[in-house]
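Model the full assembly from the supplied sequences, consistent with the hints where possible.
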Amino acid sequence: MRILYVSEVVGKSGLWCIKKQLPSLKKEMKPDLVIVNGDGTTGSYGLGRQHAGYLRKLGADVITGGDCIFFKKDMVAEIDALPYVLRPVNYPPESPGRGWHFANAGGRKIAVVSMLGHAGFSRVHSENPFTSLNAVAARLSEETDFIIVDFHSGATAEKQAFFYHADGKVSAVIGSHARVQTADERILPGGCGVITDAGRTGSRNSVGGTAAEPKIREYLTCIPDWSKDAWEALQLQGVLLDLDDSGKTKAISRIGIECADPPQQEI
Numbered sequence: 005m006r007i008l009y010v011s012e013v014v015g016k017s018g019l020w021c022i023k024k025q026l027p028s029l030k031k032e033m034k035p036d037l038v039i040v041n042g043d044g045t046t047g048s049y050g051l052g053r054q055h056a057g058y059l060r061k062l063g064a065d066v067i068t069g070g071d072c073i074f075f076k077k078d079m080v081a082e083i084d085a086l087p088y089v090l091r092p093v094n095y096p097p098e099s100p101g102r103g104w105h106f107a108n109a110g111g112r113k114i115a116v117v118s119m120l121g122h123a124g125f126s127r128v129h130s131e132n133p134f135t136s137l138n139a140v141a142a143r144l145s146e147e148t149d150f151i152i153v154d155f156h157s158g159a160t161a162e163k164q165a166f167f168y169h170a171d172g173k174v175s176a177v178i179g180s181h182a183r184v185q186t187a188d189e190r191i192l193p194g195g196c197g198v199i200t201d202a203g204r205t206g207s208r209n210s211v212g213g214t215a216a217e218p219k220i221r222e223y224l225t226c227i228p229d230w231s232k233d234a235w236e237a238l239q240l241q242g243v244l245l246d247l248d249d250s251g252k253t254k255a256i257s258r259i260g261i262e263c264a265d266p267p268q269q270e271i
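Residue 112 in our numbering sits at position 108 of the sequence shown, with consecutive numbering throughout.
There could be a bad hint or two in this list.
What the hints assert, rightly or not - Straight-line Cα separation of at most 16 Å, EDC-like style, residue types lysine to aspartate or glutamate; simulated pairs: (1) Lys23 to Asp84; (2) Lys24 to Glu262; (3) Lys232 to Glu222; (4) Lys34 to Glu222; (5) Lys23 to Glu262; (6) Lys30 to Asp65; (7) Lys232 to Glu217; (8) Lys173 to Asp248; (9) Lys24 to Asp265; (10) Lys23 to Asp265; (11) Lys113 to Glu146; (12) Lys113 to Asp36; (13) Lys173 to Glu146; (14) Lys34 to Asp65; (15) Lys173 to Asp149; (16) Lys31 to Asp65; (17) Lys219 to Asp229; (18) Lys252 to Asp149; (19) Lys113 to Asp229; (20) Lys16 to Asp265; (21) Lys252 to Asp171; (22) Lys113 to Asp171; (23) Lys173 to Glu147; (24) Lys254 to Glu147; (25) Lys30 to Asp246.
As the list claims (entries may be wrong) - Simulated restraints on C-beta separations: (26) His169 to Pro218: 35 to 41 Å; (27) Ala165 to Gly110: 17 to 23 Å; (28) Arg143 to Pro267: 44 to 50 Å; (29) Glu217 to Arg143: 45 to 51 Å.
What the hints contain is simulated information worked out from the structure, not anything from laboratory work.
Glycine is no exception: its CB is placed at the ideal position from the N, C-alpha and C atoms.
So this is what it looks like as structure tokens:
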């Protein structure tokens, strides 16, 4: 079983990378399932309904979110009608949408889970991800041995602890949110494939995928500014997972595919 995880798509440049590289990447790597983190797709923070459909059209089987999943009002209104778009599973039960999705791929049923950490998020308050994982893994393992978790957290320490807590319970835990690809992909003793952060899809010469100047001004003034996309050194980043028949990870590797600049009129 082969699974391609595409790291957080950031803004228009991230969408350009998906449009130009994902179809050929699927032909080359032949994944059974494609997971895309869409938490920064619309305006660099959040995911709009139209962009969710566009990512689906371009080849995403499942789209995971994070702390920004409800930043766009149309997603709040329509997420219930989009079974392939996930909000964190440890959000309150009153939240719209769903936290996991079963996909049939490669002759298997695969569970994809979105989960939010506690560290680094002041605007949202989720349930404890550690206790939530116990319940979620027990529930999903009744139907499948193939469970992939996108763990969205702002702290390396929380991610590392979560990895070892998840080992033996799920197939893989892919860290997201930092938008910086780490070089620590590995397989834990219980067969869980992990990476602290899978990175971002968009500009590498940027601050989390957005232009540096507005972000510098934000730190100088304390006025949030996500207004300007970055377009230098475009790259599709992610992780490729190979799972054995028991649902354990047998190989995990980072992906970084360069993307040519778009025509000026499309920026």
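Hint check:
{"no.": "1", "hint": "Lys23 to Asp84", "verdict": "26 Å, violated"}
{"no.": "2", "hint": "Lys24 to Glu262", "verdict": "10 Å, holds"}
{"no.": "3", "hint": "Lys232 to Glu222", "verdict": "12 Å, holds"}
{"no.": "4", "hint": "Lys34 to Glu222", "verdict": "42 Å, violated"}
{"no.": "5", "hint": "Lys23 to Glu262", "verdict": "13 Å, holds"}
{"no.": "6", "hint": "Lys30 to Asp65", "verdict": "12 Å, holds"}
{"no.": "7", "hint": "Lys232 to Glu217", "verdict": "9 Å, holds"}
{"no.": "8", "hint": "Lys173 to Asp248", "verdict": "15 Å, holds"}
{"no.": "9", "hint": "Lys24 to Asp265", "verdict": "10 Å, holds"}
{"no.": "10", "hint": "Lys23 to Asp265", "verdict": "12 Å, holds"}
{"no.": "11", "hint": "Lys113 to Glu146", "verdict": "11 Å, holds"}
{"no.": "12", "hint": "Lys113 to Asp36", "verdict": "11 Å, holds"}
{"no.": "13", "hint": "Lys173 to Glu146", "verdict": "12 Å, holds"}
{"no.": "14", "hint": "Lys34 to Asp65", "verdict": "13 Å, holds"}
{"no.": "15", "hint": "Lys173 to Asp149", "verdict": "9 Å, holds"}
{"no.": "16", "hint": "Lys31 to Asp65", "verdict": "15 Å, holds"}
{"no.": "17", "hint": "Lys219 to Asp229", "verdict": "6 Å, holds"}
{"no.": "18", "hint": "Lys252 to Asp149", "verdict": "8 Å, holds"}
{"no.": "19", "hint": "Lys113 to Asp229", "verdict": "41 Å, violated"}
{"no.": "20", "hint": "Lys16 to Asp265", "verdict": "12 Å, holds"}
{"no.": "21", "hint": "Lys252 to Asp171", "verdict": "10 Å, holds"}
{"no.": "22", "hint": "Lys113 to Asp171", "verdict": "20 Å, violated"}
{"no.": "23", "hint": "Lys173 to Glu147", "verdict": "13 Å, holds"}
{"no.": "24", "hint": "Lys254 to Glu147", "verdict": "21 Å, violated"}
{"no.": "25", "hint": "Lys30 to Asp246", "verdict": "14 Å, holds"}
{"no.": "26", "hint": "His169 to Pro218: 35 to 41 Å", "verdict": "37 Å, holds"}
{"no.": "27", "hint": "Ala165 to Gly110: 17 to 23 Å", "verdict": "31 Å, violated"}
{"no.": "28", "hint": "Arg143 to Pro267: 44 to 50 Å", "verdict": "48 Å, holds"}
{"no.": "29", "hint": "Glu217 to Arg143: 45 to 51 Å", "verdict": "46 Å, holds"}
When each numbered hint is compared with the structure, violations occur for hints 1, 4, 19, 22, 24, 27.
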